[in-house]
Amino acid sequence: MVRRCQAARNRPPRNASEPRFQSDEASGDQGQDRLHRPQEAALRGDVIVIGAGTINMRSGSGTPPAASCPSASARTGSTSLADEGLSDDRPKRSARTLLGPALQVAASLLWIPQAALISLSVGDIAAGGDIDAVLINAGGVLALGIVRAVVDALGGRVAYRQARALLSHHRRDALATLAARSPLDAGRPGSGLAASTLGEQAEAIVPYLARFQPARLRASIVPLAILGCVFVWSWVAALVLLIAAPLIPIFMALIGWRAKAASEAQLVELGGMNAFLLDRLRGLATIRSLDAVDLTANRLRTDAESLRTRTMAVLRIAFLSSAVLELFAALGVAMVAVYVGFHLLGQLPFGAWGSKLSLSEGLFILLLAPAFFEPLRDLSAVWHDRAAGEAALEALQRLAQKGERLPGAADGASADKPSSLAPLSVRVENLRFRHAGQRAPVFDGFGLTVAAGEHVALLGPSGTGKSTLLALLAGLSLPESGRIVIAGETLTDRNASLLRRRIAWIGQTPHVFAGTLAGNVSLGRSDVGRAAIQSALQSVGLEEVAARRGAVPVGENGVGLSGGEASRLALARVAVAPQTGLVLVDEPTAHLDTRTAAAIADALIALARGRTLIVATHDPVLAARMDRIVRLAPSPLEDAA
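Counting from 1, one number per residue, gives the positions in the sequence shown under full-length UniProt numbering.
In short, the hints are calculated from the structure, not lab data. Just so you know, these numbers come straight off a predicted model, no measurement behind them. Virtual Cβ for every residue (Gly too), placed ideally from N, Cα, C. Do not take every clue at face value.
[What the hints assert, rightly or not] Between beta-carbon pairs, the in silico distance windows are:
| # | residue 1 | residue 2 | range |
| --- | --- | --- | --- |
| 1 | ALA451 | ARG595 | 27 to 35 Å |
| 2 | ARG595 | GLN397 | 36 to 44 Å |
| 3 | ASP294 | ALA452 | 33 to 41 Å |
| 4 | GLY550 | ARG288 | 26 to 34 Å |
| 5 | ASP527 | ARG161 | 34 to 42 Å |
| 6 | ILE125 | GLY199 | 52 to 60 Å |
| 7 | LYS402 | ALA531 | 27 to 35 Å |
| 8 | LEU154 | GLY228 | 20 to 28 Å |
| 9 | ALA531 | PRO620 | 33 to 41 Å |
| 10 | ARG308 | GLY563 | 37 to 45 Å |
| 11 | PRO553 | ARG308 | 40 to 48 Å |
| 12 | LYS402 | GLY199 | 20 to 28 Å |
| 13 | GLY563 | ALA531 | 41 to 49 Å |
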């Protein structure tokens, strides 16, 4: 008995600060491009999700947005996230992660004995000392210089490798979280924003970890060590350095707060522009048909100018911080030099612990004074890396925030083939489901029974939950209450991954990747051979298209294919999966001419022979060819045969 179901209404608006994208300029940019994972196992390696269409989060059904993939690495369907090393071996800030910065600190500290040997050599030469002692000191300076260069280079290389490893971890973590989020999750980020964050924005983490953090460690250790050495010989010189040093971090912190805010604003602008450009490229045909090319070009030009302004603001703050540091460093070194010079001349006889500095001691202090400010100068040079790196790290962490989870996403892929190839029965009992953030449920007390091998059409106006029902049957989300029983097993988080191995879900807008037709059919699965691909293409009427194109690749989103050919390609993906016992299809004949729609219907019915088929459609001709029609409406539902 099919019960009353309510359409979802009054969905609260999204945050105005979030980027919005839509191909149609006339819509006022109110659409939201989601990061959908359309590949063979877009969400997990063992999920058969054919096509990129998902649920319109405003109504519970309707037209799904276009799909995209944020990373080429996400396009391999036979690889689960567990296979990619997503285990608990997370990089930790331990002695190993500090090895690179520690080596660089050690290299900087080696300047202290070098300066001591240089000052002793100059003192011996001025006093007419033994040339052998001078040569020995010179050899020591050379040896320490070589060791210092080697240790510094090794520390830089180790720090860079550790930074790359940590970046890879954060990227995998973000991808794992995105892959584990249900397509019904309204909070999934836009594909352009996710791709921008995972790609170019995330690269800002490397200089932050490889350059800024070692520089910060040197700035916190080396000046203190040098200050202690200077204090041993002259408390006045140490006092001058001590007074000059705190002024630099204070002003750097003040400037850094502004730099971080400016860098975050720049990254938001960059992500929004990337998402805008990606969406407009996808909808280029629509833009041309609406004569909105000039409007789009003006919008892109305005966004580019805004991005340039924000980028220059970040650079302006970075240059300002360098100027402030150089000013205080120059003043500090100059004051120390003035004191040492006048002390050696006898004009300032105090500050050396009751004695007079020798030439070697004074030169030693003078050599250490610039080195005291050098770590601070290096820190200033990479200060903008901190702002960009922390902003990028926060953006990655936002991507890694958990949302509505795909049931069974943690189970991983399985190479075991199902023991049974029989069609699957479906039973829905007292189903209640609502989208996150919505008050009105899409389904409340809904029931449906589909026998194994039966072909059922779901008819009803937009907003009655046809697409949502298909997604729930595909195990893309779990209901609030009630049961979904597939082949006698209640769909739960524990068995969702296993059940999805025998379910094919074809979205309303099947996604086509850039590549050959054969590659788009197999979707990277090693168990799909050439003969199976050719047979699948022939079964859906694409053999002539395949012969005509040969090895010529199609473009992203099906550029080079018609709408009907893209729909046939989605059916071919099901044809190479003989274990499929339940086929869920959303609007397969939408936006097609009568002849093409009839051909798609013929191919679909032939493909579903011996399988259970549930199709959501507005096409009465296609619905009439099913065994049974279930009508969904805001009013009491009724079955029609």
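Hint check:
A hinted range of 27 to 35 Å for the beta carbons of ALA451 and ARG595 is consistent with their spacing of about 32 Å. Checking the proposed 36 to 44 Å range against ARG595 and GLN397 shows it is violated: the Cβ atoms sit about 51 Å from each other. Distance hint check: the CB atoms of ASP294 and ALA452 are about 56 Å apart, inconsistent with the given range 33 to 41 Å. The hinted range of 26 to 34 Å is satisfied by GLY550 and ARG288, whose Cβ atoms lie roughly 29 Å apart.
The given range of 34 to 42 Å is respected by ASP527 and ARG161, whose C-beta atoms sit roughly 37 Å from each other. The beta-carbon spacing between ILE125 and GLY199, approximately 58 Å, falls within the hinted interval of 52 to 60 Å. LYS402 and ALA531 have their C-beta atoms about 42 Å apart, which leaves the hinted 27 to 35 Å range violated. For LEU154 and GLY228, the hinted distance range of 20 to 28 Å is satisfied, since their beta carbons lie about 26 Å from each other.
Checking the proposed 33 to 41 Å range against ALA531 and PRO620 shows it holds: the Cβ atoms sit about 38 Å from each other. Between ARG308 and GLY563 the CB atoms are about 39 Å apart, so this pair conforms to the stated range of 37 to 45 Å. The given range of 40 to 48 Å is broken by PRO553 and ARG308, whose C-beta atoms sit roughly 35 Å from each other. The hinted range of 20 to 28 Å is satisfied by LYS402 and GLY199, whose Cβ atoms lie roughly 22 Å apart.
A hinted range of 41 to 49 Å is violated for the C-beta pair GLY563 and ALA531, which are about 28 Å apart.
In the structure shown, a violation is registered for the earlier hints numbered 2, 3, 7, 11, 13, in ascending order.
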